[in-house]
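Generate coordinates for the entire structure from the input sequences, incorporating the hints supplied.
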Amino acid sequence: LYFKKHKITGEKTQLVLTVKEPPAKVGIDPFYKLVDRAPDDNVKSVEMR
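Take the sequence shown: its position 17, counted from the start at 1, is 28 in the working numbering, and no numbers get skipped.
Each computed DSS-like pair below joins lysine-lysine, with the alpha-carbon atoms no more than 25 Å apart:
1. K36 with K18
2. K23 with K44
3. K44 with K18
No lab work stands behind these hints: they were computed from the structure.
These numbers were taken from a predicted model, which means no experiment stands behind them.
Right under this line is the structure:
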């Protein structure tokens, strides 16, 4: 698991992370600390490069 704060300022933001194991999915605000009307769209599949 990887938990770290990153400032997201634009509609499209690209993060490059190095982790020990390939993740199945990534998410923003996994603990629902921010108000969000559609929290279901906060998780996406990972694109491996």
